[in-house]
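S.K.: So you can see what is in the structure, the chains are spelled out below.
There are 2 protein chains.
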Amino acid sequence: MTKKKQLRRICVDMDEVMADTLAEFLRRYNETFDDAVTPEDLVGKGLWEVAPFDRQQQLRAFLDAEDFFEDLDVMADAQPVLKALSQRFDLYIATQAMIVPNSLGPKYRWLQRHFPFIPPTNYVFCGDKRILRADYLIDDLPSNLACFEGTGLLYSAPHNMTVTGYMRVSNWQEVAAYFEQVKI
Amino acid sequence: MTKKKQLRRICVDMDEVMADTLAEFLRRYNETFDDAVTPEDLVGKGLWEVAPFDRQQQLRAFLDAEDFFEDLDVMADAQPVLKALSQRFDLYIATQAMIVPNSLGPKYRWLQRHFPFIPPTNYVFCGDKRILRADYLIDDLPSNLACFEGTGLLYSAPHNMTVTGYMRVSNWQEVAAYFEQVKI
Numbered sequence: 001m002t003k004k005k006q007l008r009r010i011c012v013d014m015d016e017v018m019a020d021t022l023a024e025f026l027r028r029y030n031e032t033f034d035d036a037v038t039p040e041d042l043v044g045k046g047l048w049e050v051a052p053f054d055r056q057q058q059l060r061a062f063l064d065a066e067d068f069f070e071d072l073d074v075m076a077d078a079q080p081v082l083k084a085l086s087q088r089f090d091l092y093i094a095t096q097a098m099i100v101p102n103s104l105g106p107k108y109r110w111l112q113r114h115f116p117f118i119p120p121t122n123y124v125f126c127g128d129k130r131i132l133r134a135d136y137l138i139d140d141l142p143s144n145l146a147c148f149e150g151t152g153l154l155y156s157a158p159h160n161m162t163v164t165g166y167m168r169v170s171n172w173q174e175v176a177a178y179f180e181q182v183k184i
Numbered sequence: 001m002t003k004k005k006q007l008r009r010i011c012v013d014m015d016e017v018m019a020d021t022l023a024e025f026l027r028r029y030n031e032t033f034d035d036a037v038t039p040e041d042l043v044g045k046g047l048w049e050v051a052p053f054d055r056q057q058q059l060r061a062f063l064d065a066e067d068f069f070e071d072l073d074v075m076a077d078a079q080p081v082l083k084a085l086s087q088r089f090d091l092y093i094a095t096q097a098m099i100v101p102n103s104l105g106p107k108y109r110w111l112q113r114h115f116p117f118i119p120p121t122n123y124v125f126c127g128d129k130r131i132l133r134a135d136y137l138i139d140d141l142p143s144n145l146a147c148f149e150g151t152g153l154l155y156s157a158p159h160n161m162t163v164t165g166y167m168r169v170s171n172w173q174e175v176a177a178y179f180e181q182v183k184i
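Listed in order, the protein sequences are those of chains A and B. Just so you know, we're using this note's numbering here: the first sequence kicks off at 1 and counts up by one. Just so you know, we're using this note's numbering here: the second sequence kicks off at 1 and counts up by one.
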């Protein structure tokens, strides 16, 4: 407890930061509709803005599927960088799981499987991220960073590439470099 | 968003605060072991301290059962008092669900069923409650209040009756009375 209190606290978002959610979303979309949308087609926008009206309902159904969040790929370098950060910082995972309740179990198991060095006591499944008391938040959603009271780091994703006004990190090596210069 | 920022924030624990978890725990225990332990037998201690050694494993199994958290009784007056508080405060539910992962789905459904006026975006399923950024936390566990940085209110439960050093509320009417005198 004393050790934790002294360390600075980082919250890390899951989807499109730790997990390649977009890849799975596009895989199911392209497979279902025999389409070929790529991440490059989604610069500055979400799949919701690109998909025709009659496919909108299915987009939500992809996310609601019980297995959607079960086997997402891990973002490159997320594991070693987070493992190193967990030695120097008080590390929490904070994900907006409440908007897709079927994701609760899969997200829990995914974290245990791929990030066993982060204890479940440090998982936060939430909705509104203004509830987080931390020094840093790494997130791909500007709306989450906007309501966070600490220092926000915008993790690059196609949808946020046109957003300005936030410190940006493009990959996990850049996250590592950023926290290298943070005094603990 | 502006409205939320202006309101003071209250986090409310679920088990033994909103939900009568102990009643269900004792019901399963007494039924399984043909025993007659009552809440009065547990003043100042947990069932873990009272149960013989050879029943300890089963205690954990009760909590891990997929249906344990599904149908807990709602604490008297919790609904009207929380509904009234939700008009004057920024209300969040914060529960240590991560220690019993099977509780994630049941807790979500229970909140939706009994407290439909609280949006899922305001549910926080966590472990360590030091992560909460709020003005108040109502909780039956002194260890949760100890690491919380705002004002803690200890909700009376048999196990915490010998604890001192916290502002105590014995029921939901006392919670209502406490927040009546808080300026918003």
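Please note: incorrect hints may appear among the correct ones.
Over the 12 Å line for every Cβ pair with chain A, so calculated as not near, a few chain B residues [what the hints assert, rightly or not]:
| # | residue |
| --- | --- |
| 1 | TYR29 |
| 2 | ASP34 |
| 3 | LEU47 |
| 4 | ASP71 |
| 5 | ASP90 |
| 6 | ASN102 |
| 7 | GLN112 |
| 8 | PRO119 |
| 9 | PHE125 |
| 10 | ASP128 |
| 11 | ARG133 |
| 12 | GLU149 |
| 13 | SER156 |
| 14 | ASN171 |
| 15 | TYR178 |
Ranges between beta-carbon positions, derived for each pair [stated by the list, open to error]:
| # | chain 1 | residue 1 | chain 2 | residue 2 | range |
| --- | --- | --- | --- | --- | --- |
| 16 | A | THR32 | B | GLY46 | 38 to 44 Å |
| 17 | A | VAL43 | B | ASP73 | 39 to 45 Å |
| 18 | B | ASP41 | A | ILE184 | 29 to 35 Å |
| 19 | B | ALA176 | A | TRP48 | 38 to 44 Å |
| 20 | A | LYS45 | B | THR121 | 40 to 46 Å |
Quick caveat, the hints were computed from the structure, so don't treat them as lab data. This structure is a prediction, so every number in the text was calculated from the model and none was measured. Each residue gets a CB set at the ideal place from its N, CA and C atoms; glycine is no exception.
S.K.: If a hint holds in the structure, say so; if it does not, say that too.
M.R.: Status of each hint after checking the structure:
no., hint, verdict
1, TYR29, "holds, 25 Å"
2, ASP34, "holds, 34 Å"
3, LEU47, "holds, 22 Å"
4, ASP71, "holds, 18 Å"
5, ASP90, "violated, 8 Å"
6, ASN102, "violated, 8 Å"
7, GLN112, "violated, 9 Å"
8, PRO119, "violated, 7 Å"
9, PHE125, "violated, 4 Å"
10, ASP128, "violated, 5 Å"
11, ARG133, "violated, 4 Å"
12, GLU149, "violated, 7 Å"
13, SER156, "holds, 25 Å"
14, ASN171, "holds, 26 Å"
15, TYR178, "holds, 21 Å"
16, A:THR32 <-> B:GLY46: 38 to 44 Å, "violated, 50 Å"
17, A:VAL43 <-> B:ASP73: 39 to 45 Å, "violated, 52 Å"
18, B:ASP41 <-> A:ILE184: 29 to 35 Å, "violated, 47 Å"
19, B:ALA176 <-> A:TRP48: 38 to 44 Å, "holds, 42 Å"
20, A:LYS45 <-> B:THR121: 40 to 46 Å, "violated, 23 Å"
The earlier numbered hints that this structure contradicts are 5, 6, 7, 8, 9, 10, 11, 12, 16, 17, 18 and 20.
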